[in-house]
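Colleague: Quick mapping for you: the protein sequence lines, in order, are chains A and B. Just so we're aligned, residue 1 is where the first sequence starts under our numbering, counting upward by one. Just so we're aligned, residue 1 is where the second sequence starts under our numbering, counting upward by one.
Hints in this document: simulated from the structure, not taken from any laboratory. Careful, some of the hints might be misleading.
A pair counts as met if it fits within one copy or between any two copies, since identical chains are not told apart.
Each computed SDA-like pair below joins lysine to any residue, with the alpha-carbon atoms no more than 20 Å apart [what the hints assert, rightly or not]:
#, residue 1, residue 2
1, K445, D15
2, K28, G192
3, K236, A128
4, K425, N408
5, K46, D218
The lines below spell out each chain.
Number of protein chains: 2
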Amino acid sequence: MVNFTIQDVLIAAGDDYATVDVQVVDSKIAAIAPNLQVIGTAIDGKNKLLLPGFFNAHTHSSEMWQRGIMSMFPLELWLAELYDFAPLDPEEIYLSALGTAVETLLSGGTSVVDHLVLIPGLELETIAIATRAYREVGIRAFIAPLIQDESLTAGMPSGESAQTHEPYFRSTAATLEIIEEAVKQFHRPDEGINILVAPTGIQLCTDALFQGCTELSDRYNLCRHSHLLETKAQEKLAQEKYGCTAVEHLKRIGFLSNKTSLAHCVWLNDADIAILAETQSTVVHNPLSNLRLGSGIAPILKYRQAGVNVTFGCDGASSNDSQDLLEAIKIGSILHNVTDSDYQHWITPRQAVEMASLGGANGLNIADKLGSLTVGKQADLVLYDLTNLSLLPRTDPIGLLVLGRPSNVVNSAWVNGKQIVTDGKVTTINVDELKQELFNRSQWKTKRKSETVAQIEAHYRTFMGL
Amino acid sequence: MVNFTIQDVLIAAGDDYATVDVQVVDSKIAAIAPNLQVIGTAIDGKNKLLLPGFFNAHTHSSEMWQRGIMSMFPLELWLAELYDFAPLDPEEIYLSALGTAVETLLSGGTSVVDHLVLIPGLELETIAIATRAYREVGIRAFIAPLIQDESLTAGMPSGESAQTHEPYFRSTAATLEIIEEAVKQFHRPDEGINILVAPTGIQLCTDALFQGCTELSDRYNLCRHSHLLETKAQEKLAQEKYGCTAVEHLKRIGFLSNKTSLAHCVWLNDADIAILAETQSTVVHNPLSNLRLGSGIAPILKYRQAGVNVTFGCDGASSNDSQDLLEAIKIGSILHNVTDSDYQHWITPRQAVEMASLGGANGLNIADKLGSLTVGKQADLVLYDLTNLSLLPRTDPIGLLVLGRPSNVVNSAWVNGKQIVTDGKVTTINVDELKQELFNRSQWKTKRKSETVAQIEAHYRTFMGL
């Protein structure tokens, strides 16, 4: 364990900034004050800003393989195309997890929630290799193996038509066994690797799967993660399936809690919002993905007014198509100004930073250990270089960082007190080799033809009234 | 004049890509085909994508001085704060024009339309020094001196209250004389410096100013530029002022034409859209600014369906708060997917590239000379490095560039055949010195108190019903 002291660094203090020293001892923040004694390595913080690491609170790492090429489709058709071309080689899962970690770190994130798509038949191998990638990089990882127990077509409303669906290829019980085994093998919170229970969402999961996940969550003290009401089609489906909203149903079956984080939450009504507040559930806002897929604008200002915890995610790189967390924070803040003419409700840059850090920690039920520059908390820290052209001239550093378009501004990052970014480079893995591998295993191409889209598009257009 | 040949470079060809050589002779594209003879300098285009330079079709360069620090306000209050702290030293105008040019170039733009805020009493000096900055960098500049002849408070609807306004400090005639003098001194299209007539908008300009600008435009063959219906308040004001929409009024007084580009265009109705199409006016979409100021979402898909030419701008860096054109293109494309559930209307990455290049040229009435990779056109070109991590793995290069979050991907840029970016660096000015100057002339600070906002905020809240 290497202790260190960052000297003369800017930190947010009240509504202003202070220049302080920050001591990190035994992987924890030991002291924050001006003119501290240097303990361990001295780090020059001059002309730099120190913030708690952000959380990339929802992504799917292996989507990196299809970024840039997915058709301009809404979620339901986009998913069909995605799965027709999903990577099936564990080595690819490894590389895209590395890439996701690197891009997250270089845009201010020190934690990633990977709602990990599992290779059919190689489920534990997929989890194992993603775990290996995150351990190698040293980013704090929350691996949420994406599970379902209904087939893709069940995820769309039937509308007027009678639809039948193929049964899912694996039983609910077998899926839950895989997750329990993953918990036993890989869930090591003290080492920065966490397994979450993560049914993909009401559109493709039975109550039995949700309830099995809740039981595992209670038994092993695991966080819970799921997609929720990303699209209008899912809102319709919930009514068909349950005769109530998806949120009412999830509350009834006991999935909502203070360790539950829910990606998207675009199509909730006021009563649903009250339920999220009451159950202390967290909304993970993925603004780029919601725009790219045309899902809608999540009512984030309403969530904040109702006291619902909100944080940000990049979502998978096929629906974004990047893993730049600062971009998600910027767009996820300013997007909502067009939804409320009273500017007093708008998210300020400082609020956005708190949502991305403490909000992320809250959503994973670890706000006592992470998410702020507080003595006693774990040292997940990011040091930003304020002399980059994209942050000049000097004005309000947090305003520049959140509202600008910073590039190459992450100078250093530490996870649990270990430095894994130095001078703007991830030092734990060879990023040039990673680039070469990604390059070698891919080729430039244009549109592909998804057979599943061809099968389901007419039905989609019918029930959406297109 | 240095001739050159880019070898083995990817270009868009139909719906696909082709690998070709591109010859540039006497500042024009001379040939595009595989295996051409090398004329002049050979440039390695391997693993790179060549596109026509984009247009940053609406910005205000001196806003760079206040980026990151402006309050979260709607336009009318934001403007009051902006002007209370506007830079008044020509040297600052020079530096922010350099900065705007550099950031535009490094995000794919080779042309900038600078709706330039003039220092009162130093109007021609302001234009002169911005001209000098753009000449030094070598970017193609369209300098649109921002003029008005009514005072700030006249830019808001009076609502129920009786409002009186101070007269503007300079007469309409004196303002028009300044512009005519600027045209004589600085308008040199063949050298890449253009002066535009650019009344700020209907909210602060009399008919006499618009008509004087139109006369200058006709006499000297100048493009016309203005803000148009950025906010709901301006829509109300137009009704108060004219008893009709702003677009109907501008048509009536003859300002709309195929050399007129109009920034924002958020609050237009269907009849207004038909007028823009009929007059061949261009819409400049500034999505980041429209979100940041809560102005609204411009109906861009409707414009496209009506045959209105649309291109992109960053808008000033105080309302964005960056000059990253790729960011504006991305958000300006995907934002509209939430406004139309039929994905067949959504903007594809290739369409976005065409809007940013040919659309920009069309808006400045120079599509015969610029805006596409066409033999005989001027060589305003950008070469993108496709081996950057942010563009890997390899899929569809244009999809990655537009939908991803590329950083450091501009390898080279040429304006009128002259190379001004090489290996990712602007070579015509010393960017390190620029950074140092920007740093030295500024300081980190938090919120400021705008006196003008204090005076007008209550009235704003009243007429907006807040």
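Colleague: Determine for every hint whether it applies to the structure shown.
Modeller: How the hints compare with the structure:
In this assembly of identical chains, K445 and D15 lie within 20 Å of each other by CA distance solely across copies; the values are 10 Å between and 49 Å within a copy. Taking the shortest Cα distances, K28 and G192 sit within 20 Å of each other inside one copy (14 Å), while across copies they are farther apart (57 Å). Proximity of K236 to A128 under the C-alpha cut-off of 20 Å is found in neither arrangement, the shortest distances being 37 Å within a copy and 60 Å between copies. Proximity of K425 and N408 under a CA criterion of 20 Å is satisfied in both settings, with 9 Å inside one chain copy and 14 Å between copies.
Neither within a single protomer nor between protomers do K46 and D218 lie at most 20 Å apart by alpha-carbon distance, with minima of 46 Å and 55 Å respectively.
The structure fails to meet hints 3 and 5 from the earlier list, while all remaining hints are met.
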